[in-house]
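Following the hints, complete the assembly by docking chains Z and B onto the known chain U.
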Amino acid sequence: MNWLLVVEQCLNGLQFGVMLFLMAAGLTLVFGIMNLVNLAHGSLYMVGAYLATAAFNRTGSFLAAVAFALAATLAIGMLVEVIALRTLYERDHLDQVLATFGLILFFNEAVAIVWGRAALFTAVPRALSGHLQVLPGIPYPAYRAVIILVGLAVALLLYVVVSRTRLGMLIRAGASNRTMVGALGVNIRLLYTVVFGFGAALAALGGAMAGPIYSVLPGMGEEILIQVFVVIVIGGIGSIRGALVGAVVVGMVDTLGRAFLKPMLSTVIGPSAADNAGPALASMLIYILMAAVLFFRPQGLFPAVRS
Amino acid sequence: MRSARALTLVAGFLVLGLVPVVAALANQPFYLDLFRRIMIFAIAAVSLDLILGFGGMVSFGHAAYLGIGAYAVAIPAFYGIHSGLVQWPLALALSGLAALAIGAVSLRTSGVSFIMITLAFAQMLYYLGISINAWGADDGMRLARRSQFGGVVDLANAYVFYYVVFGVLVALLWLGHRLIHARFGVVIRAAKSNEPRMRAIGFATFRYKLAAFVIAGAGGGLAGALLTNQTEYLTPSYMHWTRSGDIMVMVILGGMGTLYGPVLGAVAFLLLEDILSAWTVHWQVVLGPLLVLVVLYARRGLYGLLPGAGARDG
Amino acid sequence: MAHLHPPTRAHSDLGQRQLRRLDGVLESRRLPAASIRTTQWPGMRRTKEVTVRQLRIVLVLLLIVGLFAGQAVLAAEPVKIGFITSLSGPAGIIGKHMKDSVELALEHLGRKVGGLDVEVIYGDDQRKPDVGKQLADEMLKKHKVNFVSGIIWSNVMLAVAPTVTGAGTIMVGTNAGPHELAGKMCSELYFTTSWQNDQTPEAMGKYMQDQGLTDVYAMAPNYAAGKDMVSGFKRYFKGRVVDEVYTKLGQQDYQAEISQLRGKNPKAVFVFYPGDMGIQFLKQYAQAGLREQIPLYSVYTVDEISLPAVGEAALGNYETRYWSPDLKNEANAKYVGDFKKKFGYTPSFYGAQSYDGILLIDSAVRAVRGDLGNKKGMVAAMRKADFRSTRGKFSFNVNHTPIQNFYLLRAVKGAGGDMEMQIQKTVFENHKDAYYQECPMKW
Chain U
463 MNWLLVVEQC LNGLQFGVML FLMAAGLTLV FGIMNLVNLA HGSLYMVGAY
513 LATAAFNRTG SFLAAVAFAL AATLAIGMLV EVIALRTLYE RDHLDQVLAT
563 FGLILFFNEA VAIVWGRAAL FTAVPRALSG HLQVLPGIPY PAYRAVIILV
613 GLAVALLLYV VVSRTRLGML IRAGASNRTM VGALGVNIRL LYTVVFGFGA
663 ALAALGGAMA GPIYSVLPGM GEEILIQVFV VIVIGGIGSI RGALVGAVVV
713 GMVDTLGRAF LKPMLSTVIG PSAADNAGPA LASMLIYILM AAVLFFRPQG
763 LFPAVRS
Chain Z
2 MRSARALTLV AGFLVLGLVP VVAALANQPF YLDLFRRIMI FAIAAVSLDL
52 ILGFGGMVSF GHAAYLGIGA YAVAIPAFYG IHSGLVQWPL ALALSGLAAL
102 AIGAVSLRTS GVSFIMITLA FAQMLYYLGI SINAWGADDG MRLARRSQFG
152 GVVDLANAYV FYYVVFGVLV ALLWLGHRLI HARFGVVIRA AKSNEPRMRA
202 IGFATFRYKL AAFVIAGAGG GLAGALLTNQ TEYLTPSYMH WTRSGDIMVM
252 VILGGMGTLY GPVLGAVAFL LLEDILSAWT VHWQVVLGPL LVLVVLYARR
302 GLYGLLPGAG ARDG
Chain B
22 MAHLHPPTRA HSDLGQRQLR RLDGVLESRR LPAASIRTTQ WPGMRRTKEV
72 TVRQLRIVLV LLLIVGLFAG QAVLAAEPVK IGFITSLSGP AGIIGKHMKD
122 SVELALEHLG RKVGGLDVEV IYGDDQRKPD VGKQLADEML KKHKVNFVSG
172 IIWSNVMLAV APTVTGAGTI MVGTNAGPHE LAGKMCSELY FTTSWQNDQT
222 PEAMGKYMQD QGLTDVYAMA PNYAAGKDMV SGFKRYFKGR VVDEVYTKLG
272 QQDYQAEISQ LRGKNPKAVF VFYPGDMGIQ FLKQYAQAGL REQIPLYSVY
322 TVDEISLPAV GEAALGNYET RYWSPDLKNE ANAKYVGDFK KKFGYTPSFY
372 GAQSYDGILL IDSAVRAVRG DLGNKKGMVA AMRKADFRST RGKFSFNVNH
422 TPIQNFYLLR AVKGAGGDME MQIQKTVFEN HKDAYYQECP MKW
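Residue numbers (the numbering used here), protein chains in the order written: chain U, 463 to 769; chain Z, 2 to 315; chain B, 22 to 464.
If we strip away everything but chain U, and leave its shape as in the complex, we get (with noise of 0.2 Å):
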């Protein structure tokens, strides 16, 4: 057993575990805060994407470009909010689905309309291609170790934000109890307003560190979603801690099962019967992990106290 091997593979699984949690820290918050669903939130991660994209190829600098895809998407996320999500929060769930999905549609053509169909061209900044030699023999890619660091800044930042400051009370005691916190006084719709611009950033972040390693297309945030959405089911809805161990989980499961189950597989059942069901069952593991986790906790693993 090369442990050197399963070591990378560790460290592989747990920077894709980061990348789902920038997306999961927004959806959560959405999901638990406002009660809202938001299948458009891989539209606004895309639209991050984009917008970085872009602004890297025509200034050249990734952290100007990173920032400007952060307040550009933020400002649309509330600006999205306003025009077509603000009356839904009393709505069924599925009024909501509806009217998200509907954003789907409309996002990825309109991406398509600004930027044509074609992928962009994206590369990892000159200044991060490099590799750093993590253990003797590992070469891992620096761009890569940054995407880990950053998403733990940002964990690290959204666990100050919510539990150390005058906003994220706020938003506690909204998620808590909206109706009193509105008798309060506290203008609860420019709150929400501004939580949901948050978790477009979220996103965006997660999209605009995702574009130069992954594909810029339209349609780029549905693949992603749906992995999204079991990392918050099986972290608990509207807790950030259960977004992050649970987008860890995920990741370390699906990394190290494409990795290693095939192998293990064809131990067993002999070579050639691994090489169909190894990776079929390698694309289903997170989904019977899933399954499991609710099965004995349908609430997720961290839920959030909800009155």
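Among the clues, some could well be false.
Residues from chain U that keep clear of chain B, each with C-beta distances beyond 12 Å, as calculated [stated by the list, open to error]:
#1 G522
#2 H555
#3 F764
The calculated lysine to aspartate or glutamate pairs, modelled on EDC-like cross-linking and capped at a C-alpha distance of 16 Å, are [what the hints assert, rightly or not]:
#4 K255(B) / D231(B)
#5 K193(Z) / D554(U)
#6 K162(B) / E196(Z)
#7 K259(B) / D236(B)
#8 K446(B) / D231(B)
Source of the hints: derived by calculation from the structure; they are not laboratory data.
Heads up, the beta-carbon is just placed ideally off N, CA and C, and yes, glycines get one too.
Quick look at chains Z and B alone, frame taken from chain U:
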């Protein structure tokens, strides 16, 4: 009020029933195929509405049953068994069984967990379908011949097939109507409204919900069997989660918790798709905001826009 | 919409201005007809709103009927070609390549096919077989097309082709090459201007076998086409395959697989990753530092669609294909040159095939002198393939699949600094597909 609604419904059925006649007169047989496909999805949507609209069980994996029904027709055909009397009951039975299995596990959860678990099962079936090479994997298989009914009913005849689908749709709506107004349906709807109360009164709500889930699954399976006959083709992409999403959109768009709403939703969604995509490549940029507008301004879906629909359904 | 009634005697005491203001107030109080309030007042107002709403619905229905009726008016004379491809969604870029090439072909033909006016009806199959079939039905029964063409995906093709040929209409496929249609399900009325799916990886297998390479690591997505590509590759490559790895369809992150790959230490890597999967894999392979260490050979991965998105990450990678923009013949020079001038980007093989498809149809119609009912004549003419193809010499095998050369291509930096594909050598000459013997047709 009720008579206005009844009148609208009768008018709707008349229109659907007369499509073949109009199409024949105008020498446009394509509309027969178009409306037949729409009705098949309407059947799927109505079966989903039974649990989603009336029961409050948001199943995001309904397309899985369509897929199972489709396989139940195509696999026997692959081995030379073309009799519809074998294939269609098999479709009903297999999809009902699958719904029993999936429901038994999923109904222990609720809310978002329920949505995700049903989605998970559907995804697993989809990935399973793609990997089975013997039955075409994701390339799928061609249906050599439509389901045979021993010369009595010839599905190869476009008109006969149309009326068979029409008949199935009407039968399903009738069955749904009877179920909703029977004790069974009242229990389901009451459980959606307040399940602890129902259990306190003494109803074993889990069994009722599971039964409804199985009926809906069987309905989906029948729709799948019809779909394979319609396309004369089987593909596991019938089970993809985006298909489940499409059916859910039809239900919500048409009006969930109303029996006839999903039919309207299927008609509107698929017709719009056909018309818009012929006009412009960017048809989704029009359809998207349209859906948003419907949600914002038509609270009970398209069904709520019909005259006489002000009164509650039942 | 609703008008105030003429003033009753009660209002006659009010002045004109007050009347108008009253009018406005009553107007604004009127419930918008689209909203449904369950507490509507019974009686007069309700029935009036119901009437207005009913009127609106009838108007909309009339409009829809009118639209259909309008589209039903047949234009009698021209050649009608139905072209089905994916125009929306992530794969829409391929559809765009194909559509643009069809338009260029029509332009080169002077907007006439075989001397007759031509009308092309495009359909968007959304990558779904049942939508593709519905489109085919629409084109056959509503538009009454003389030819159906296009189709990117094998599963859509398998649903559409039998429908078209079953209706007695000629089908000219311009991309998908499922082996069923090249073998057992071949049909007199079905032609393809592209290839049979396996031919391309067979060429790569042959090249790598001839080079004496061994210890190859193969990767593809876990679906029918992926498995076909690897089996086609192994039909000609007899060296040692270190491992065959199938990944999830649509997967975005390949870091785990790349780590495994590095651990196995192969001498070469063979992959099949179409579309966005390819863009992701190529970038990540380069970012892992493997591009310089382990040469990458692929099929349908590095092409004119993915190159602009990956740039130098694909530098030095090999592909095999039957065509390249730099293939030297007169027809191709004209096609590529005019295409770049008109659309501003380099065409891909998807486009070249579609261009050839239109030219093939043109040659058939010309051969029967516009007698579109003479299907046998057109089939015979198509078999001759008497047109100037972008790939140079063009001939059909018995199963109506081309017999053609395959070349080794390499991704290099072109004269202008952009990445492009360049032909390095010929791998196969007049290569036939592996399934033609299963086809019962003889001619």
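Each hint, compared with the structure:
| no. | hint | result |
| --- | --- | --- |
| 1 | G522 | holds, 14 Å |
| 2 | H555 | holds, 21 Å |
| 3 | F764 | holds, 25 Å |
| 4 | K255(B) / D231(B) | holds, 13 Å |
| 5 | K193(Z) / D554(U) | holds, 13 Å |
| 6 | K162(B) / E196(Z) | violated, 52 Å |
| 7 | K259(B) / D236(B) | holds, 11 Å |
| 8 | K446(B) / D231(B) | holds, 13 Å |
Checked against the numbered hints given earlier, the structure breaks only hint 6 and satisfies all the rest.
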